[in-house]
Amino acid sequence: MIRDIARKEFRQTLRDGRMRLVAAVFVLLALAALLLAAQRYNALSEERIRAQREVAAQWMEQGDKNPHSAAHYGQYAFRAALPLAFFDPGVQAFEGVSIWLEAHRRNFATGRPADDLPPLLQFGELSLAFILQVLLPLGIVLLAYPTLAGERESGTLRQVMSTGVTGAQLLIGKFIGLGGAVLYLLAPLLIVGIVLLVIASGTAWLAHAAVLGAVYLWFVALMLGLSLWVSAVAKTARGALLTLLVIWAAGNFVVPRVAADLGRLLSPTPSADAVLRAIDEGLAAGIDGETPAERIEKRRQQLYQLYKVDSDAALPINIQGIIFGIQDEISDAVYDRNFAALNEAIDRQVDVFESASLLSPRMALMLVSQEIAGTSIGHQRQFADGAEVFRRRLMTTLNRDLTLNSRTGEAGYRSSAALWQAAGEYRFEPESLSRSFARCGAPLMVLVIWTLLLAALLWGACRRLGRSL
Amino acid sequence: MLEASGLSKSYGEVQALRHLDLRVDPGEIYCLLGANGAGKTTTLNIFLGFVAPTAGTARVDQIDVVNDPIAARRRIAYIPETVTLYGALTGLENLDYFARLSGQRHATEALRGFLAQAGLSTSAHERPLGTYSKGMRQKVGIAIAIARDAAALLLDEPTSGLDPKASNEFSEQIAAMAERGAAILMATHDLFRARETGTRIGIMRDGQLRREFNARDIGHRELEDEYLKTMQEG
Amino acid sequence: MRSWDLLAAEFNLLRREGVVIAVLVGFMVTVLAAGFAGRAAIEDRRITAEAALQEYRQLVESLANQAAAGSDTARSAGAVAFSVLSVPVVKAQTALEALAIGQGDLLADTYFVTARGAYHFLTRTDPDNALRFTVGSFDVAFLLIWVLPLLVIGVLFDVVVGERERGVLALAAVAGASPARFVWHKWCARVLVLSVSCWMSIVLAAAVAETSWTATTAWVITGWLLVATVYLLFWAALALWISLRSSTTESAAMQCAGAWLLLVVLTPALTNVGASSIVPPPSRVELTAALREATEQADKQIASEREQWFFDHPDIKGEMDRQAYYQTVARSEAGIEQVVAPLLERFADTANDQRRIVGLLKYLSPGTLTFQTLTGLSGTDGRVHAEFRAATTEFHGRWKDFFVTRIERGIALEKEDFARLPLFVSPRLGGGEALVAALMPMVALLVLVSALLAVCTRRLAALAVTGRDRHAPQER
Chain Y
579 MIRDIARKEF
589 RQTLRDGRMR
599 LVAAVFVLLA
609 LAALLLAAQR
619 YNALSEERIR
629 AQREVAAQWM
639 EQGDKNPHSA
649 AHYGQYAFRA
659 ALPLAFFDPG
669 VQAFEGVSIW
679 LEAHRRNFAT
689 GRPADDLPPL
699 LQFGELSLAF
709 ILQVLLPLGI
719 VLLAYPTLAG
729 ERESGTLRQV
739 MSTGVTGAQL
749 LIGKFIGLGG
759 AVLYLLAPLL
769 IVGIVLLVIA
779 SGTAWLAHAA
789 VLGAVYLWFV
799 ALMLGLSLWV
809 SAVAKTARGA
819 LLTLLVIWAA
829 GNFVVPRVAA
839 DLGRLLSPTP
849 SADAVLRAID
859 EGLAAGIDGE
869 TPAERIEKRR
879 QQLYQLYKVD
889 SDAALPINIQ
899 GIIFGIQDEI
909 SDAVYDRNFA
919 ALNEAIDRQV
929 DVFESASLLS
939 PRMALMLVSQ
949 EIAGTSIGHQ
959 RQFADGAEVF
969 RRRLMTTLNR
979 DLTLNSRTGE
989 AGYRSSAALW
999 QAAGEYRFEP
1009 ESLSRSFARC
1019 GAPLMVLVIW
1029 TLLLAALLWG
1039 ACRRLGRSL
Chain B
465 MLEASGLSKS
475 YGEVQALRHL
485 DLRVDPGEIY
495 CLLGANGAGK
505 TTTLNIFLGF
515 VAPTAGTARV
525 DQIDVVNDPI
535 AARRRIAYIP
545 ETVTLYGALT
555 GLENLDYFAR
565 LSGQRHATEA
575 LRGFLAQAGL
585 STSAHERPLG
595 TYSKGMRQKV
605 GIAIAIARDA
615 AALLLDEPTS
625 GLDPKASNEF
635 SEQIAAMAER
645 GAAILMATHD
655 LFRARETGTR
665 IGIMRDGQLR
675 REFNARDIGH
685 RELEDEYLKT
695 MQEG
Chain P
167 MRSWDLLAAE
177 FNLLRREGVV
187 IAVLVGFMVT
197 VLAAGFAGRA
207 AIEDRRITAE
217 AALQEYRQLV
227 ESLANQAAAG
237 SDTARSAGAV
247 AFSVLSVPVV
257 KAQTALEALA
267 IGQGDLLADT
277 YFVTARGAYH
287 FLTRTDPDNA
297 LRFTVGSFDV
307 AFLLIWVLPL
317 LVIGVLFDVV
327 VGERERGVLA
337 LAAVAGASPA
347 RFVWHKWCAR
357 VLVLSVSCWM
367 SIVLAAAVAE
377 TSWTATTAWV
387 ITGWLLVATV
397 YLLFWAALAL
407 WISLRSSTTE
417 SAAMQCAGAW
427 LLLVVLTPAL
437 TNVGASSIVP
447 PPSRVELTAA
457 LREATEQADK
467 QIASEREQWF
477 FDHPDIKGEM
487 DRQAYYQTVA
497 RSEAGIEQVV
507 APLLERFADT
517 ANDQRRIVGL
527 LKYLSPGTLT
537 FQTLTGLSGT
547 DGRVHAEFRA
557 ATTEFHGRWK
567 DFFVTRIERG
577 IALEKEDFAR
587 LPLFVSPRLG
597 GGEALVAALM
607 PMVALLVLVS
617 ALLAVCTRRL
627 AALAVTGRDR
637 HAPQER
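Chains as they are written, first to last, in the numbering used here: chain Y, 579 to 1047; chain B, 465 to 698; chain P, 167 to 642.
Rather than coming from a laboratory, the hints here were simulated on the basis of the structure.
Result set (SDA-like, lysine to any residue): computed pairs, CA atoms no more than 20 angstroms apart in a straight line:
hint, chain 1, residue 1, chain 2, residue 2
1, P, K466, Y, Q640
2, Y, K813, P, G184
3, P, K466, Y, H650
4, P, K466, Y, A989
5, B, K693, B, F677
6, Y, K813, P, V186
7, P, K466, Y, E680
8, P, K466, Y, Q636
Using the sequences and the hints given, assemble the complete structure.
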């Protein structure tokens, strides 16, 4: 019986003029977004790979110079374009793409793409993720709203129920039938998307794509469930349509913005100036209760004792390298503390957003989608943290060379390409799927709650279906 | 068989049905007459299990409609006042669907046979239902009832909006189904059709069954007089 | 029936539609909340800027006193210019900026100018919650552009088709009321109620969001009210037209929803794609590579001098010629800027070109048109920022000259010099100027509204008062 209902629903939906209109608009937009994004991804990816190679070459070919000059020259870390960014650009437009890795300073990422985009970014980017998260649910609403409410109004529902079919069989059958029609619509996109992904990146990201696919299907099921429930309880088809449109508009456009702004209100992001000022103060104050001068002097005395000398000039090493090392110790701790505080403030804002996603499953999907596609705040942070780890290693290498291979006051000391090579070049490593997925706990829980809620609501609707005719 | 015993239904202070006792045996066509709000549709809704009675019982082939509405519905075929069905599906597809919902599977030829039996021309079988007239839709509704071969048939104002020819054809179909052993309960305003088609006639007012007749024992004029008398009673 | 009676009857009907009243009140409350949110955001920025300016003033005073006391650092033009002092340059707040955040979140409203190259402060990106940028701001402009049309659609989509379905049009015709007149009065009454709610919302939001009221504020709020009214009229006219040509209320609702999706969501997003495709921005990555190359070349040019003192560590060499060091820094920065400045100009040019294209393409969508107009009125559309950035660049030139001249001539800073430091004056957007700029888009939208209403008038003249009952099958 469920199969018969599903088959009829599927067949009827495909013949519905609305379905053809929704399908045409949706497929056209989605294909356009997919192809545009794939093209942009290729261009961006090439550009960043080229840039990373160029700065690596600049680093290697900088010639002989004092290691500390090289430390100030530094390297640049570029965030590579990840293949699934063409599906969901996430927050990438609003995050810097490069970080200058220089001595003594942990820099913020710069080169935010949004700074160079037209002034209508408020209206959103037409990505495939946006189309699936926002436009597809609208299509589902338009297909599903008359499913029960319309049949109730026309009297057909009475005839159907009079045959002895149960409410549960009817709802499940309609769910499967409509869901099948939606999948039928999505299938060509899925195929094109996977082909483009494999062309762009081989099979390395197929697991990510599979997880994304599963979560989006889950979301589609939720939207279908919600539309069916509203259709089941609404007195008229018009009432069902209006209710669903209000839910759709609020969930996609109002709640996310209110939540984001509320987050900012409750946990304001410290200004860059305030952060830098705090860092300056921290650097001046030192760590572990010692000022930088005290710490340096303590180490100096230790070295004097170790080498049994009484002046810097007498040391068999270059004390300046040690001093730079101590300064880096202090600055590393100070930067860690202040960046952590900055990140915490932002995390609290994101927490508010996550909590608000209880009102709109699209928000939860958005967070999961960005994590799996590698375009979330978490991924940006992983890029920045990874670059910082490399910077510290780089500085340690350069400082050690200065310390061990020159003497204090030796102004003419130069290192060469061998050192630059040993120091290494920055390479972007994307995060693993499991680590990205680990950050999806809260939004996935929201989707679970929605699933349970809708299941309960639909169960209630099932029981009432036979009686409220 | 359809049986109502002391059936009552109230909506708040409004008493839609009061102690209705009714029995329709297999092969009988029972026509329920009455004005709007008399309780005819409420009676049908209770048998269909769409509404629970406040008191009393309703049974379809000894199955209590309250305790086991699904089993009761399996034994009922229902034709509403306006047969809407699914406009995007053809007549044949609609019939197939509703037959399957009842747990029956028929070959396409058999389905065509049912439609033909109901009087729907062959050329209409493959056309979308959205292009049908009211009469044609009614015929599909009848075909569904025929295909189901249910023990009971409930009809709600079935001839409303039909022209005289279509009404006549409809009556013939109903009679044929009664001959096959179905217990038929028909709610209608159409006194003429009730007298022509029915085996027994009941007149309802204010939720009560006021009068009952054997159709053969009463003429058209007499029926009309009895109806008006019932409506004018206190 | 007299006009007033028709209007009064409609007001009465609306009054009884609890849902409509609730939704309108909800909208007003939400707009008010957006006003508060906007004010909080602007206040935040203002406090941060004020704090930075106060700190700068204190630092200047301290340096002046130190210079008077003979401090080497305070008297060294190079040390002050390149290592100590950065002046916060703050964009003047514009009237009703809090109502339309626009690009205000993304574009800097404060630059920290130093004597080093402009690229230092022009390319700085302040860290923030990128998720918030992705979803967009919750401000009054957003509510007007996105939500107000839904409200208008919700109230007006069935103004004709719904009455036809309910049989009211036929009854009104039989009672002697011209159906066209009946519909017009119904429409006007609803538009009036919507407009009054909209005006009250904007005025209340402005009252909570704006901290200082001036003549400019009055101009700008007038502009806001006019623009919002024209935008509302567009959607009202569109809803009427759709209601006239639809056979069922559901069809009308779907067409209205489709129009909203097309004009408020899709067309602006496609405009964005179009503008960035027609005028693709230069590559920031290329800029970074060019900057490094320029830095390396500049360093190599003065390598011999530089190597005597560790890069940026004049302190570690003990006795050293501080002046000579800062002279090399000045030359190095000048060399780098020579290479990088044209690249930065390309970004500014691209931004201007994109703004111009959006300025043309905005006429494709009332949503874009109204958004651009509102942000233009509030000075958050990027144009004011471009002027601010240009003024900052000009100021940077003066700031640099002030110090570099002294560095090159070896002139020490005296206490009086600190009182003569260049001052930045932020360009201000005049209210009248903003209103005039908003005229053309409003006129364009009004033309569209008039065209729609003219079509509606024609259709109403031939209005069918009965239609197919959607549940009754067509008789063949």
